[in-house]
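Enquirer: Given next are the chains, with one letter for each unit.
Number of protein chains: 2
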Amino acid sequence: MKKDFKTAVAQRRSHYSISKKTSVSDQTIREVVDHAVKYTPSAFNSQSARVVLLLDKEHDKMWDITKESLRKVVPADSFEQTNDKINSFKNGYGTVLYFEDQSIVEGLQEEFSLYKDNFPVWSEQSSGMLQFVVWTALADEGFGGSLQHYNELIENDVKSEWNLPDKWKLIAQMPFGHPESEPGNKEYAPLENRIRVYK
Amino acid sequence: MKKDFKTAVAQRRSHYSISKKTSVSDQTIREVVDHAVKYTPSAFNSQSARVVLLLDKEHDKMWDITKESLRKVVPADSFEQTNDKINSFKNGYGTVLYFEDQSIVEGLQEEFSLYKDNFPVWSEQSSGMLQFVVWTALADEGFGGSLQHYNELIENDVKSEWNLPDKWKLIAQMPFGHPESEPGNKEYAPLENRIRVYK
Numbered sequence: 117m118k119k120d121f122k123t124a125v126a127q128r129r130s131h132y133s134i135s136k137k138t139s140v141s142d143q144t145i146r147e148v149v150d151h152a153v154k155y156t157p158s159a160f161n162s163q164s165a166r167v168v169l170l171l172d173k174e175h176d177k178m179w180d181i182t183k184e185s186l187r188k189v190v191p192a193d194s195f196e197q198t199n200d201k202i203n204s205f206k207n208g209y210g211t212v213l214y215f216e217d218q219s220i221v222e223g224l225q226e227e228f229s230l231y232k233d234n235f236p237v238w239s240e241q242s243s244g245m246l247q248f249v250v251w252t253a254l255a256d257e258g259f260g261g262s263l264q265h266y267n268e269l270i271e272n273d274v275k276s277e278w279n280l281p282d283k284w285k286l287i288a289q290m291p292f293g294h295p296e297s298e299p300g301n302k303e304y305a306p307l308e309n310r311i312r313v314y315k
Numbered sequence: 117m118k119k120d121f122k123t124a125v126a127q128r129r130s131h132y133s134i135s136k137k138t139s140v141s142d143q144t145i146r147e148v149v150d151h152a153v154k155y156t157p158s159a160f161n162s163q164s165a166r167v168v169l170l171l172d173k174e175h176d177k178m179w180d181i182t183k184e185s186l187r188k189v190v191p192a193d194s195f196e197q198t199n200d201k202i203n204s205f206k207n208g209y210g211t212v213l214y215f216e217d218q219s220i221v222e223g224l225q226e227e228f229s230l231y232k233d234n235f236p237v238w239s240e241q242s243s244g245m246l247q248f249v250v251w252t253a254l255a256d257e258g259f260g261g262s263l264q265h266y267n268e269l270i271e272n273d274v275k276s277e278w279n280l281p282d283k284w285k286l287i288a289q290m291p292f293g294h295p296e297s298e299p300g301n302k303e304y305a306p307l308e309n310r311i312r313v314y315k
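Here the protein sequences come in this chain order: A and B.
Quick note on numbering: the first sequence equals residues 117 to 315 in the numbering used here.
Quick note on numbering: the second sequence equals residues 117 to 315 in the numbering used here.
Next comes chain A alone, as it looks inside the complex (with noise of 0.2 angstroms):
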């Protein structure tokens, strides 16, 4: 019995201790995408979100990748913590690679010119409302991920690696897994700081 809309949503967590170790089919993994994918709106209907999901080998290779991207730039004599830190992404089972479609993008830009500077924006939005909803499904099917942000350092590789178009941006990236732990405490600012009523 799958967890209601508001129950899924406070469940949903990041989680950094992950593991290979998983009972889902990659059949569902894909269609996890595939219904976010579908459903998520976007702006003026424009579809612009595309998705990569690598599993099991090729989602260690994207590990890898960010790694050699890190030694050239991290300090040697720091690089321990920083090979820590991708290898807990790297022992996860796959990873959901976030992009915008540019061509999209710019196409609605010149068909709607007024609203020229609003629709990369919309783009980010859309693409986040995205990101929200893989995550919370893949909670959902007992799934523990985070986000992640290698975007400039890595975006070239990868779309080498995987022979991706020129103009899907690269957004974030979705390392997820069997969760190893629970997450901690998260802390909550006071709702009434951030919400007003007026009727």
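Hints listed in this document are in silico derivations from the structure and should not be mistaken for laboratory results.
Because the structure is a prediction, the values reported are computed rather than measured.
Don't take every hint at face value.
Because identical chains share one entry, a pair is satisfied inside a single copy or across any pair of copies.
List time: in silico BS3-like cross-link candidates among lysine-lysine, alpha-carbon distance up to 27 angstroms [claimed, not checked]: (1) LYS183 <-> LYS136; (2) LYS285 <-> LYS232; (3) LYS173 <-> LYS232; (4) LYS315 <-> LYS154; (5) LYS118 <-> LYS283; (6) LYS137 <-> LYS232; (7) LYS275 <-> LYS118; (8) LYS315 <-> LYS137; (9) LYS118 <-> LYS154; (10) LYS315 <-> LYS206; (11) LYS122 <-> LYS302; (12) LYS119 <-> LYS154.
On the provided structure of chain A, position chain B as indicated by the hints.
Expert: Structure of chain B alone, referenced to chain A:
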């Protein structure tokens, strides 16, 4: 019985034909917003989202403000169409105004200068997540809503009317109400053009 997460995600649509006829209590609407604001994630758990919930007469006022702002910029001979559009939002019962507190974003930029350029982008992505969560949760309660962006046009008047902090940046407006008709068919691009899987 509430819908499960995937069903709720698939059933959220844009509703433009809405009314004030509702059997959902203001308290329930308030709880939907509280829950969404609390549990939607943000970069570094910065909780930069701010929300103003306008109900009933205050909702009407919001769309009157928007109408008067538009009257100043829309040619008189094409104002009737604009007027009808704004009235379709005003016909609803409430509006959720989404803001991002720039004092939080700027604080992160100062504290973590390495990610300076990223925080405004992550703030927009997180706002997108929140918009999606509220939208879907309202739909789960039987409401229909849509996402509007009269930001620059109305921001000063809105802040002045409800005495909101200068640093709250207006991101979007979500009018909602009792859905008076079913949305039409939505076109979906083939998923094979949007998703790639490697394993």
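Enquirer: Checking an output row: LYS173 and LYS232, CA cutoff 27 angstroms. Within, between, both or neither?
Expert: neither (41 angstroms within a copy, 33 angstroms between copies)
Enquirer: How would you label the pair LYS183, LYS136 (within, between, both, or neither) given a Cα cut-off of 27 angstroms?
Expert: within (19 angstroms within a copy, 55 angstroms between copies)
Enquirer: For the identical chains here, do LYS285 and LYS232 meet the 27 angstroms Cα criterion within one copy, between copies, both, or neither?
Expert: both (18 angstroms within a copy, 19 angstroms between copies)
Enquirer: What label fits LYS137 with LYS232 when the C-alpha limit is 27 angstroms: within, between, both, or neither?
Expert: Neither: 46 angstroms inside a chain and 37 angstroms across chains, both beyond 27 angstroms.
Enquirer: Can you tell me if LYS315 and LYS154 fall within 27 angstroms by alpha carbon in one copy, between copies, both or neither?
Expert: between (36 angstroms within a copy, 22 angstroms between copies)
Enquirer: Using 27 angstroms as the alpha-carbon threshold, which applies to LYS315 and LYS206: within, between, both, or neither?
Expert: between (50 angstroms within a copy, 14 angstroms between copies)
Enquirer: Can you give me the call for LYS118 and LYS154, within, between, both or neither, at a CA distance of at most 27 angstroms?
Expert: Classified as both: same-chain Cα gap 20 angstroms, cross-chain 22 angstroms, threshold 27 angstroms.
Enquirer: With identical chains treated as interchangeable, where does the CA-CA distance between LYS315 and LYS137 reach 27 angstroms or less: within a copy, between copies, both, or neither?
Expert: between (51 angstroms within a copy, 16 angstroms between copies)
Enquirer: If the cut is 27 angstroms between Cα atoms, do LYS122 and LYS302 qualify within a copy, between copies, both or neither?
Expert: both (17 angstroms within a copy, 25 angstroms between copies)
Enquirer: Within a copy, between copies, both or neither: which one fits LYS119 and LYS154 at a CA-CA cutoff of 27 angstroms?
Expert: both (21 angstroms within a copy, 18 angstroms between copies)
Enquirer: Give the relationship of LYS118 and LYS283 under a CA distance limit of 27 angstroms: within one copy only, between copies only, both, or neither.
Expert: Answer is neither: 37 angstroms inside a copy and 40 angstroms across each miss the 27 angstroms cutoff.
Enquirer: Up to 27 angstroms between alpha-carbons, please classify LYS275 paired with LYS118: within, between, both or neither.
Expert: For LYS275 and LYS118, neither the intra-copy (36 angstroms) nor the inter-copy (41 angstroms) Cα distance is at most 27 angstroms.
The earlier numbered hints that this structure contradicts are 3, 5, 6, 7.
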